[in-house]
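Participant: Kindly generate the complete structure, drawing on both the sequences and the hints.
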Amino acid sequence: MKSDVEIAQEAVIQPITEIAEKLGLTADEIEQYGKYKAKITLDAWNRVKDRPNGKLVLVTAINPTPAGEGKTTTSVGLADAFHEMGKNTAVALREPSLGPCFGLKGGAAGGGYAQVVPMEDINLHFTGDFHAITTAHNLLAAVIDNHIQQGNALDIDVRRIVWKRVLDLNDRALRHVVIGMGGKPHGVPRETGFDITVASEMMAILCLADGLEDMKKRLGEIVVAYTRDGRAVRAKELNVTGALALLFKDAIKPNLVQTLEGTPAFIHGGPFANIAHGCNSIMATKFALKFADVVVTEAGFGADLGAEKFLDIKCRFAGFHPDAVVIVATVRALKMHGGLAKADLCKVDMEALDKGMNNLLKHIENIQQFGLPAVVAVNAFPTDTKEELDFVKEKCMDLGAEVAISEVWAKGGKGGLELAEKVSAAMDRPSCFGCLYDVNDSIPDKIGTIARKIYGADGVVFTNDAKKQLKEIEELGLDKMPVCMAKTQYSLSDDATKLGCPTGFTITVRELKVSAGAGFIVALTGNILTMPGLPKHPAAENMDIDENGKITGLF
1 MKSDVEIAQE AVIQPITEIA EKLGLTADEI EQYGKYKAKI TLDAWNRVKD RPNGKLVLVT
61 AINPTPAGEG KTTTSVGLAD AFHEMGKNTA VALREPSLGP CFGLKGGAAG GGYAQVVPME
121 DINLHFTGDF HAITTAHNLL AAVIDNHIQQ GNALDIDVRR IVWKRVLDLN DRALRHVVIG
181 MGGKPHGVPR ETGFDITVAS EMMAILCLAD GLEDMKKRLG EIVVAYTRDG RAVRAKELNV
241 TGALALLFKD AIKPNLVQTL EGTPAFIHGG PFANIAHGCN SIMATKFALK FADVVVTEAG
301 FGADLGAEKF LDIKCRFAGF HPDAVVIVAT VRALKMHGGL AKADLCKVDM EALDKGMNNL
361 LKHIENIQQF GLPAVVAVNA FPTDTKEELD FVKEKCMDLG AEVAISEVWA KGGKGGLELA
421 EKVSAAMDRP SCFGCLYDVN DSIPDKIGTI ARKIYGADGV VFTNDAKKQL KEIEELGLDK
481 MPVCMAKTQY SLSDDATKLG CPTGFTITVR ELKVSAGAGF IVALTGNILT MPGLPKHPAA
541 ENMDIDENGK ITGLF
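Reading the sequence shown from the start, the letters are residues 1 to 555 in our numbering.
Hints listed in this document are in silico derivations from the structure and should not be mistaken for laboratory results.
It should be emphasised that the depicted structure is a prediction, and the values quoted were computed from it without experimental measurement.
What follows is a set of in silico ranges between Cβ atoms, one per label pair, in the way DEER data are often shown: (1) 24 - 432: 28 to 34 Å; (2) 432 - 35: 42 to 48 Å; (3) 211 - 52: 19 to 25 Å; (4) 237 - 461: 34 to 40 Å; (5) 478 - 368: 28 to 34 Å.
For each residue, glycine too, the CB sits at the ideal point set by N, CA and C.
Facilitator: Laid out in structure tokens, this is it:
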């Protein structure tokens with residue numbers, strides 16, 4: 001089997017103008033970035049805003065394992081399958097971050113014969129959106145330090161500046177730094193640090209804003225620091241909201257590319273799901289729903305993270321919800337959740353599979369709690385046996401979830417036709433969507449609801465620091481917002497080693513952060529990090545480019 005990058009490089013890619021024509025976009029409504037990429041102008045929205053929305057399919061998964069699940073691959077393949085069936089279809093995905101691309105995961109543009117292209121561009125700098133976020137975020141950081149250097153008229157407490165700097169790479173050495181060294185001309189010395197760009201509140205704002213004016217307003221509401229008497233200082237008080245919005249004048253526009261089979265693909269924004277809300281932009285999804293009859297989108301990691309935030313945060317702000325949800329799993333990953341070692345996953349072990357199924361069944365239950373129909377997509381591997389696949393089907397159907405075998409990695413859209421048929425049937429069934437909690441509930445109640453209903457926890461414990469932060473947030477009147485949980489992706493609990501469906505545990509909230517511009521409260525649990533580190537052997541070690549510009553090692 002050829003590598004992902006080899007398959008992508010051999011593909012015959014259609015000019016982006018032809019992809020735009022499939023959607024009904026005019027030449028004046030796209031801005032081309034070369035032959036195969038474009039941005040959609042915001043003026044296009046005015047022409048289509050009164051159209052009825054198409055159907056929306058959300059793709060999520062079980063808790064990820066080193067065995068791999070293939071959520072993005074399934075999303076792309078499912079869209080291609082709908083396209084194969086003659087439906088006017090689009091896929092809406094996040095942009096990959098350079099951090100995991102050069103770190104552990106490699107690229108994030110699908111795999112096999114279910115990819116978005118040009119995959120090298122999408123996985124690298126693409127259209128510069130992440131550069132815009134990084135620059136705007138760091139401009140605000142520079143303005144804060146300059147304000148203090150120039151007399152500190154806002155009386156900012158230099159010990160309570162909460163706005164760090166960002167970089168779109170995994171670099172653990174930057175988690176904690178001291179700046180302003182070298183004497184008075186070089187600034188006020190203080191401790192700070194770096195987060196990865198996808199953890200920036202500005203990334204969340206880009207993905208939750210419904211236009212440039214809304215984005216400007218949200219940028220102004222960012223809480224950057226606290227004064228010495230405890231007042232929250234907003235970005236708008238530093239008089240640079242216009243400059244920040246200026247840096248987003250192009251980044252706010254959704255990006256348009258295509259799949260290997262020519263299905264239109266809206267790829268825009270990229271917040272992580274373990275430390276942010278894990279969904280592509282509302283703008284891209286809204287555009288896709290007006291231009292296509294069926295839109296396939298995804299949410300990061302398992303349904304306990306990305307899907308919960310998609311449904312409780314993104315849908316709440318956007319005013320739409322999925323018509324059906326696909327939960328991706330593999331027999332191999334389920335056996336790993338059941339305690340089988342990675343080296344033994346090719347062996348038939350029904351006991352491990354039975355135990356691991358509890359993770360999938362919990363995610364089905366979670367989706368059903370939102371009043372939505374769930375369809376399980378089992379990514380097929382050559383080592384899967386009929387006995388194992390039949391067992392998975394039977395268990396899922398007991399909970400009222402349809403199951404389809406997906407072969408999109410090897411066969412593209414044709415390998416997803418069974419899945420597409422079952423998702424089509426699910427979309428046509430009536431649903432009664434509802435968010436999990438009321439935003440006016442207290443922060444402990446909102447977190448407790450998520451912990452008990454989605455994770456299966458017995459309760460929530462707040463550290464002393466988190467309790468102090470909770471009291472301050474309540475006193476500032478900033479507690480009536482959705483909660484964005486920052487938690488390990490590998491477990492339903494906040495302990496990455498507890499696979500399967502653990503019970504008898506509590507969730508520990510160690511920090512609460514206000515993201516007033518984005519419009520949510522971030523609750524950090526366990527030892528989750530907002531600046532990842534590189535593994536012993538980063539994916540970057542296997543990448544290269546030759547004298548003809550041919551890339552290798554990007555996957």
